[in-house]
Amino acid sequence: MISRDRYRARFRALQESNKGAFMPFTVLGWPDEETSFNIIKTMIDSDASALELGIAFSDPVADGPIIQAAAHKVIESGFTVNQALDLVARVRTYNDDIPIGLLVYYNHIMAMGIEKFYARAEECGVDGVLVADLPSESADEIVSIATGNNISTIFIVSPLTREERLDKIVKHARGFIYLVSRLGVTGTDERDASRDSRLAALIASIKKATELPILAGFGISTPAHAERMMASGADGVITGSKIVDLVAKAEPAKMQAELSAYLKQMVAALNSVKV
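Numbering-wise (the working numbering), the sequence shown opens with residue 907 and increments by one.
Listed next, the in silico EDC-like pairs over lysine to aspartate or glutamate satisfying Cα-Cα at most 16 Å (straight line): (1) LYS979 - ASP965; (2) LYS1114 - ASP1073; (3) LYS925 - GLU1133.
For the record, the hints were derived by calculation from the structure and aren't laboratory data.
Build out the structure end to end from the sequences listed, making use of the hints.
Structure below.
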């Protein structure tokens, strides 16, 4: 049992209010540490339901070019995993209630040591960890150590996930299910993630297997995308590439205001269509 399960508390409150969850993503330490902190504060102050924060990795195979570029800039700056966790601790001090999830790659964990990584993550206020390149079949040790440190293990389900693998994922997963709403990598291109006619059926099959909330990601960048994900049965959405792109293109003096306006549009869309 997770002590102080922020995910459960937040998702329950959203469900009771008939609202969808909005989980924005950014890369920790990008474009620099202080701006990164301000980006995350803006997310919280703009009514994000929860946070997904990435630790930069040299070969982020699940990420599209926008997030890859941000990650490479962080690595080139010398910003370390320990510094990323310290930044999470600052965020937790700023807000003690919002669920914080990390998106990491297995090498991050192995380099520090599994037990040390999860102990540090708990100490810094992390609620969940998604290991992007860890298959569910190999997750037993990670799940055990994560649970021992009061951290939920987040798993990805895609349109290609077989039923037997879904059963394994559901057995281990806590917090929420990350639904890949399209095949490929993250991004904002014209392949509309929300038009796959099989998506509603996939979400229905997941809901038969688990009561965990389902949050759709990959290619979700507009309020209309969010609305269609909710109409397909998702409990919320995750948006990353659009946010990173917006920040990268904004004038520094206007960045936080423009980011807040976008985030509030997404939240409003999710609040208006939950059924």
